[in-house]
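Asker: Sequence:
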Amino acid sequence: MNDSDFKIDHSKMEYFFNPRTIAIIGASSDFRKPGGRSLNALQKRGYTGKIYPINPNSRELLGIPCYPKLADVPDEIDMAIISTPAHTVLEKLEQCVDKKVKATVVFTSGFAEAGPEGAALQQRMTELAQKNDLRILGPNCVGIVNLSKSVMACFANIVDLQPVYPMTFGFVTQSGAFGTMIFSQAVESGVGFNAFVSVGNEADTEFADYLAYMLANPETKLVGGYLEGAKDGTKLRRAAQTALELKKPVMIMKVGRTGAGARAASSHTGSLAGNDQVYDAFFRQMGIIRLEALSELTSFVIVHRSGRIPKGNNIGILSISGGAGVLMADRSESLGLGVPEFKGETRRRLESYLPPYGSAKNPVDLTATAVSEPQMLGKCLKALVADENIHMIALAMGFMPHMAPVLAKDIIEVYNSTDKPIVLATYVFNPSEAVLHAIETIKSAGVPVLTDHLHAVGALKNLSWYAGKLRDFEKASAKTKTLKISPSAATIAKLASPAPLAEYEAKEILKDCGIAITRESLATSAAMAVRMARAVGYPVALKIQSPQIPHKTEADGIRLNVRSDAQVRAAFKEIIGNARKFNPEANIHGVLVQEMAGDGLEVIIGTTRDPVFGHVVMFGLGGIFVEALKDVSLRVAPVSRGDAKEMIREIRGYSMLQGMRGRPPVDFQALTDVILRVSKLVSDYGDAIEELDINPLLVFEKGVKALDALIIKK
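Note that this note's numbering gives residue 740 to position 688 of the sequence shown, counting from 1, and the numbers run on in steps of one.
Since the hints were made in silico from the structure, they are not lab data. Hints may be right or wrong, so weigh each one.
Unchecked claim - Taking CB as the label site, the calculated pair distances span: (1) Ala420 with Ser707: 56 to 62 Å; (2) Arg523 with Lys754: 27 to 33 Å; (3) Leu213 with Asp82: 44 to 50 Å; (4) Glu702 with Asn482: 35 to 41 Å; (5) Arg399 with Asn70: 53 to 59 Å; (6) Val480 with Pro270: 31 to 37 Å.
Stated by the list, open to error - The list that follows gives simulated cross-link-like pairs (lysine to aspartate or glutamate, EDC-like), each with its CA atoms no further than 20 Å apart: (7) Lys495 with Glu240; (8) Lys682 with Asp328; (9) Lys536 with Asp739; (10) Lys625 with Glu654; (11) Lys300 with Glu271; (12) Lys413 with Glu393; (13) Lys306 with Glu271.
We put the CB at the ideal spot given by N, CA and C, even for glycine.
Take the sequences, apply the hints, and build the full model.
Answerer: Okay, structure coming up:
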């Protein structure tokens with residue numbers, strides 16, 4: 053049974069988060085040991101269920117009766133924590149099966165991470181779980197915490213931290229130690245967790261299972277994670293789709309940006325679609341916010357807590373410091389936010405409030421005058437809120453005791469008058485009681501308060517990007533019409549056959565799926581090539597056709613702009629001779645006689661099979677550009693029309709598609725349609741296709757034509 057064939061029953065996940073009874077196998081009174089730490093934490097935090105310590109050497113632990121073995125417990129067990137040596141774990145799991153335990157948390161290390169012997173032991177653990185429908189978290193994990201139910205099946209120091217309210221954030225990590233560090237620092241920054249899971253080696257349940265469960269919890273408003281590599285891309289996509297439907301943001305810190313994970317392939321697509329590029333594209337496609345630093349996580353959680361979603365991308369910046377305002381404006385534009393200059397009524401109002409040396413552009417510089425006239429902030433803030441071209445506002449203000457009550461009153465009043473996101477960034481050094489009270493009053497009113505103005509800008513950028521993804525998702529959901537392809541029986545048979553395909557066969561499949569190709573015919577003799585050239589119309593291109601020679605230029609198997617019968621005969625002879633010399637074992641089908649398609653822009657559209665996500669669709673400029681610039685965009689199949697349009701827009705060479713130096717813009721509708729048809733082909737018949745390349749696809753002012761194609765069978 054493959055991992056992808058086994059589906060987790062998510063009703064069983066409930067026992068990890070809300071167990072009525074917990075057995076601790078390997079329980080201890082020593083709080084330094086994992087079995088002692090979790091026992092102590094459960095008692096200390098007031099877990100209301102029943103706890104059953106299991107240890108043959110003790111009759112009582114922390115005042116709780118202790119049992120020699122699991123079978124002796126006179127109750128049903130929802131969850132068992134296993135903290136015993138690696139060589140005993142399988143036996144303990146078998147005891148859990150006999151006791152009909154629903155879920156197990158295995159702290160113990162020494163499995164797949166420890167070498168072949170440990171990996172074999174872990175595989176037996178996986179097989180036992182799947183055969184008996186026993187859910188396992190771990191092994192080699194620090195455990196799980198559900199703060200809302202005081203479930204402390206964890207031995208990390210996070211069980212000692214006091215919760216922060218509101219508890220709306222769920223977090224899943226593939227690194228135990230680093231995950232607990234993220235938890236600790238985020239709590240210190242004011243993030244309220246309701247659940248934390250360290251998945252360890254993922255012998256049974258995995259990252260996406262816990263993400264999906266947390267999203268289904270009404271108390272969880274957003275989720276995050278630390279990810280080294282997804283085990284099942286389909287599960288992760290399903291969870292991300294659910295998150296969009298529920299309007300719950302997903303933030304993931306994904307490590308491994310280098311190209312070490314990229315695999316070589318014989319097509320352009322395979323060689324260009326590196327591991328991290330695929331993850332990056334998948335995150336953008338599915339509305340997942342990719343985190344680069346912990347500060348992005350903490351800032352976004354605090355800003356999102358307001359419940360406000362910007363209606364656009366433009367930010368208004370208001371600062372008491374001109375330098376800080378310029379820095380925020382620079383960061384905003386570099387992140388893709390709009391920083392429009394204030395004009396009209398907004399500009400007039402700002403200039404009437406500001407001193408002559410203040411700035412009413414954007415950012416707004418209140419200057420030091422705001423220290424003596426703190427009411428200026430409220431007036432300017434009202435002007436920004438009233439501007440329909442401003443969708444969110446970042447404030448950078450210092451607080452002094454005499455200013456604090458006025459600033460708090462005005463900020464809260466303006467905040468309550470609008471649904472636009474407003475974030476306050478303020479530094480507090482040796483604060484007075486008045487300043488602390490004012491800031492706490494602002495926080496209590498729901499205004500997000502951060503201690504770094506650049507973090508405020510970054511959080512608003514992520515919020516704006518996420519809001520745009522939500523709007524795109526809602527638009528796509530409203531359109532029920534989807535593109536369909538209806539390949540013929542001959543095409544389906546050709547795909548199902550193990551025989552490799554030559555270029556002309558690949559293009560016949562594309563044509564059958566609604567993708568335009570060049571006028572062409574296969575010639576098996578020089579005389580036939582002449583007849584076909586006359587039918588196609590001079591000038592023509594001649595290309596060797598053999599599944600064993602996918603890159604024809606390497607075999608000197610192409611002749612372009614052939615203009616006469618005599619040239620066709622000579623070219624045919626040369627091409628066949630060169631191909632046989634290049635690869636004497638090649639199965640040569642003949643020579644393709646093809647029209648010279650004329651003046652258009654070359655692009656590449658292709659797919660490759662990613663080991664995690666399956667088929668990945670690639671788009672970029674064709675010809676030398678794809679090799680020299682590697683200017684491509686990726687999405688995981690199936691792609692939507694919105695995805696396809698986004699792929700086209702995000703390449704650096706997009707301006708060439710729009711038309712340059714007198715050239716007209718290309719046919720974007722036709723180009724989008726090809727991306728969708730390729731995506732649909734590999735989605736419907738992906739079991740037969742390993743890789744697909746259309747390179748180049750010639751795009752005209754009206755229409756497209758596939759000049760060359762490659763399909764590599766699985």
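Asker: Which hint numbers does the structure go against, in order from smallest to largest?
Answerer: Numbers 1, 3, 4, 10 and 13, in rising order.
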